[in-house]
Amino acid sequence: CGAHWSGDVNDYYLNSYNSAGGQLKYTAQQEIKGIPNGTYKLVAAARAHGNNSYVYAKANGMIYKTEIPNMGDRGGNIWESLKDDPIASGVHDGAGYGWNWVEVADINVNTNSMTIGCSTNSAVTQENGFNGYWISVDNFKLYYTNADYSGTGIE
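The sequence shown stops at residue 155 when you use my numbering, and every number in between is there.
In short, the hints are calculated from the structure, not lab data. Quantities reported herein were computed from a predicted structural model and do not represent experimental measurements. In this text, a Cβ means the ideal position worked out from N, Cα and C, and glycines have one as well. Please note that the accuracy of each hint is not assured.
[As the list claims (entries may be wrong)] For each label pair, taking beta carbons as the anchor points, the in silico distance ranges come out as:
| no. | residue 1 | residue 2 | range |
| --- | --- | --- | --- |
| 1 | 25 | 105 | 21 to 29 Å |
| 2 | 11 | 37 | 29 to 37 Å |
| 3 | 31 | 105 | 32 to 40 Å |
| 4 | 9 | 129 | 15 to 23 Å |
| 5 | 19 | 112 | 38 to 46 Å |
| 6 | 28 | 72 | 19 to 27 Å |
| 7 | 10 | 39 | 31 to 39 Å |
| 8 | 9 | 110 | 41 to 49 Å |
| 9 | 60 | 141 | 17 to 25 Å |
[Unchecked claim] Cut-off 27 Å, straight-line C-alpha distance, at most; resulting in silico cross-link-like pairs (DSS-like, lysine-lysine):
| no. | residue 1 | residue 2 |
| --- | --- | --- |
| 10 | 33 | 141 |
| 11 | 25 | 58 |
| 12 | 41 | 25 |
| 13 | 58 | 141 |
| 14 | 41 | 58 |
| 15 | 58 | 33 |
| 16 | 141 | 25 |
| 17 | 141 | 41 |
Start from the sequences, fold in the hints, and give me the full structure.
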(Lines of atoms letter the chains of each structure in order from A and count residues from 1; the text may use other names and numbers.)
(Lines give C-alpha, C1' and ligand atoms only; values in the text may rest on other atoms or scores of the structure.)
Protein backbone atom coordinates (compact mmCIF):
# COMPACT_ATOMS: atom_id res chain seq x y z
CA CYS A 1 0.00 0.00 0.00
CA GLY A 2 1.02 3.62 -0.19
CA ALA A 3 0.72 4.58 -3.87
CA HIS A 4 -2.71 3.30 -4.90
CA TRP A 5 -4.16 4.95 -8.00
CA SER A 6 -7.06 6.30 -5.93
CA GLY A 7 -4.76 8.23 -3.63
CA ASP A 8 -5.84 6.12 -0.64
CA VAL A 9 -2.53 5.33 1.08
CA ASN A 10 -4.18 2.42 2.95
CA ASP A 11 -5.52 0.63 -0.16
CA TYR A 12 -3.60 -2.56 -0.98
CA TYR A 13 -2.51 -3.76 -4.45
CA LEU A 14 -0.15 -6.33 -5.96
CA ASN A 15 3.38 -4.95 -5.99
CA SER A 16 6.79 -6.47 -6.61
CA TYR A 17 10.22 -4.82 -6.47
CA ASN A 18 13.83 -5.88 -7.01
CA SER A 19 16.62 -3.37 -6.36
CA ALA A 20 18.77 -5.13 -8.99
CA GLY A 21 17.41 -3.61 -12.21
CA GLY A 22 16.27 -6.17 -14.76
CA GLN A 23 16.28 -9.06 -12.28
CA LEU A 24 12.61 -9.05 -11.24
CA LYS A 25 10.83 -12.27 -12.27
CA TYR A 26 7.37 -11.84 -10.79
CA THR A 27 4.12 -13.59 -11.64
CA ALA A 28 0.75 -13.43 -9.91
CA GLN A 29 -2.08 -15.38 -11.47
CA GLN A 30 -5.44 -16.99 -10.75
CA GLU A 31 -7.33 -19.70 -12.58
CA ILE A 32 -11.03 -19.03 -13.14
CA LYS A 33 -13.12 -22.16 -13.71
CA GLY A 34 -16.72 -22.75 -14.70
CA ILE A 35 -17.17 -19.71 -16.91
CA PRO A 36 -19.22 -19.71 -20.12
CA ASN A 37 -17.30 -20.32 -23.33
CA GLY A 38 -17.06 -17.22 -25.48
CA THR A 39 -15.09 -14.01 -25.83
CA TYR A 40 -13.80 -11.97 -22.89
CA LYS A 41 -12.01 -8.73 -22.07
CA LEU A 42 -9.70 -8.35 -19.06
CA VAL A 43 -9.02 -4.91 -17.59
CA ALA A 44 -6.64 -4.06 -14.74
CA ALA A 45 -5.10 -0.98 -13.19
CA ALA A 46 -1.33 -1.31 -13.62
CA ARG A 47 1.94 0.60 -13.57
CA ALA A 48 5.57 -0.29 -14.15
CA HIS A 49 9.09 1.00 -13.85
CA GLY A 50 10.57 -0.80 -16.85
CA ASN A 51 9.59 -2.44 -20.12
CA ASN A 52 8.24 -5.95 -20.78
CA SER A 53 5.75 -6.42 -17.95
CA TYR A 54 2.28 -7.64 -18.91
CA VAL A 55 -1.31 -8.14 -17.84
CA TYR A 56 -2.41 -11.41 -19.44
CA ALA A 57 -4.95 -14.16 -19.83
CA LYS A 58 -4.28 -17.76 -20.81
CA ALA A 59 -7.00 -19.83 -22.45
CA ASN A 60 -7.00 -22.83 -24.79
CA GLY A 61 -3.20 -22.99 -24.80
CA MET A 62 -2.93 -19.35 -25.99
CA ILE A 63 -1.65 -16.29 -24.15
CA TYR A 64 -3.37 -12.94 -24.65
CA LYS A 65 -1.43 -10.02 -23.24
CA THR A 66 -0.95 -6.26 -23.13
CA GLU A 67 2.20 -4.54 -21.97
CA ILE A 68 1.98 -2.35 -18.88
CA PRO A 69 3.13 1.18 -19.83
CA ASN A 70 6.56 2.09 -18.43
CA MET A 71 5.68 5.37 -16.72
CA GLY A 72 7.26 4.88 -13.31
CA ASP A 73 5.31 6.76 -10.66
CA ARG A 74 4.19 9.77 -12.76
CA GLY A 75 1.10 10.38 -14.91
CA GLY A 76 -0.98 7.55 -16.34
CA ASN A 77 -4.32 7.40 -18.09
CA ILE A 78 -6.21 6.89 -14.80
CA TRP A 79 -4.80 10.12 -13.39
CA GLU A 80 -5.38 11.92 -16.71
CA SER A 81 -9.06 11.02 -16.61
CA LEU A 82 -9.35 12.26 -13.01
CA LYS A 83 -7.03 15.28 -13.00
CA ASP A 84 -9.94 17.74 -13.08
CA ASP A 85 -11.49 16.11 -10.00
CA PRO A 86 -10.63 18.28 -6.95
CA ILE A 87 -9.62 15.28 -4.82
CA ALA A 88 -7.85 13.17 -7.46
CA SER A 89 -5.93 16.13 -8.88
CA GLY A 90 -3.86 16.27 -5.69
CA VAL A 91 -2.78 12.62 -5.87
CA HIS A 92 1.00 12.33 -5.72
CA ASP A 93 1.43 16.11 -5.70
CA GLY A 94 -0.70 16.43 -8.81
CA ALA A 95 1.51 14.12 -10.90
CA GLY A 96 -0.44 10.85 -10.64
CA TYR A 97 1.17 7.56 -9.70
CA GLY A 98 1.79 6.12 -13.20
CA TRP A 99 -1.35 3.96 -13.10
CA ASN A 100 -3.03 3.03 -16.38
CA TRP A 101 -6.11 1.00 -17.26
CA VAL A 102 -4.63 -1.88 -19.24
CA GLU A 103 -6.98 -3.91 -21.44
CA VAL A 104 -6.53 -7.39 -22.89
CA ALA A 105 -9.27 -7.86 -25.50
CA ASP A 106 -10.66 -10.73 -27.59
CA ILE A 107 -9.80 -13.57 -25.20
CA ASN A 108 -11.40 -16.69 -26.66
CA VAL A 109 -12.44 -19.38 -24.18
CA ASN A 110 -13.66 -22.83 -25.25
CA THR A 111 -12.78 -24.91 -22.16
CA ASN A 112 -14.89 -23.04 -19.57
CA SER A 113 -11.76 -21.75 -17.83
CA MET A 114 -8.92 -19.27 -18.11
CA THR A 115 -6.00 -18.00 -16.07
CA ILE A 116 -5.54 -14.27 -15.54
CA GLY A 117 -2.53 -12.48 -14.12
CA CYS A 118 0.43 -10.16 -14.44
CA SER A 119 4.08 -10.98 -14.99
CA THR A 120 7.59 -9.72 -15.64
CA ASN A 121 8.89 -13.25 -16.25
CA SER A 122 9.77 -13.94 -19.92
CA ALA A 123 9.00 -17.65 -19.41
CA VAL A 124 5.38 -16.62 -18.78
CA THR A 125 5.02 -13.62 -21.11
CA GLN A 126 6.97 -15.11 -24.04
CA GLU A 127 8.64 -11.71 -24.48
CA ASN A 128 12.06 -10.23 -23.75
CA GLY A 129 12.95 -9.99 -20.07
CA PHE A 130 11.77 -7.15 -17.86
CA ASN A 131 14.37 -4.38 -17.65
CA GLY A 132 13.07 -2.33 -14.71
CA TYR A 133 12.69 -2.40 -10.94
CA TRP A 134 8.99 -2.82 -10.09
CA ILE A 135 5.38 -3.36 -11.16
CA SER A 136 2.06 -2.74 -9.40
CA VAL A 137 -1.33 -4.17 -10.45
CA ASP A 138 -4.84 -3.94 -9.00
CA ASN A 139 -8.56 -3.97 -9.79
CA PHE A 140 -8.71 -6.90 -12.23
CA LYS A 141 -12.08 -6.98 -14.02
CA LEU A 142 -13.22 -9.65 -16.43
CA TYR A 143 -15.99 -8.95 -18.95
CA TYR A 144 -17.89 -11.45 -21.06
CA THR A 145 -18.10 -9.65 -24.41
CA ASN A 146 -20.19 -11.96 -26.59
CA ALA A 147 -22.65 -9.73 -28.49
CA ASP A 148 -25.71 -11.38 -26.97
CA TYR A 149 -24.76 -10.62 -23.33
CA SER A 150 -24.53 -7.26 -21.57
CA GLY A 151 -23.58 -8.33 -18.05
CA THR A 152 -21.22 -6.57 -15.69
CA GLY A 153 -17.59 -7.41 -14.99
CA ILE A 154 -16.39 -10.04 -12.52
CA GLU A 155 -14.01 -8.54 -9.94
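We went through each hint and held it up to the structure:
no. : hint                 : in the structure
1   : 25 x 105: 21 to 29 Å : 26 Å, holds
2   : 11 x 37: 29 to 37 Å  : 34 Å, holds
3   : 31 x 105: 32 to 40 Å : 20 Å, violated
4   : 9 x 129: 15 to 23 Å  : 32 Å, violated
5   : 19 x 112: 38 to 46 Å : 42 Å, holds
6   : 28 x 72: 19 to 27 Å  : 20 Å, holds
7   : 10 x 39: 31 to 39 Å  : 36 Å, holds
8   : 9 x 110: 41 to 49 Å  : 43 Å, holds
9   : 60 x 141: 17 to 25 Å : 21 Å, holds
10  : 33 x 141             : 15 Å, holds
11  : 25 x 58              : 18 Å, holds
12  : 41 x 25              : 25 Å, holds
13  : 58 x 141             : 15 Å, holds
14  : 41 x 58              : 12 Å, holds
15  : 58 x 33              : 12 Å, holds
16  : 141 x 25             : 24 Å, holds
17  : 141 x 41             : 8 Å, holds
Hints 3 and 4 from the list above are not met by this structure, while the remaining hints are.
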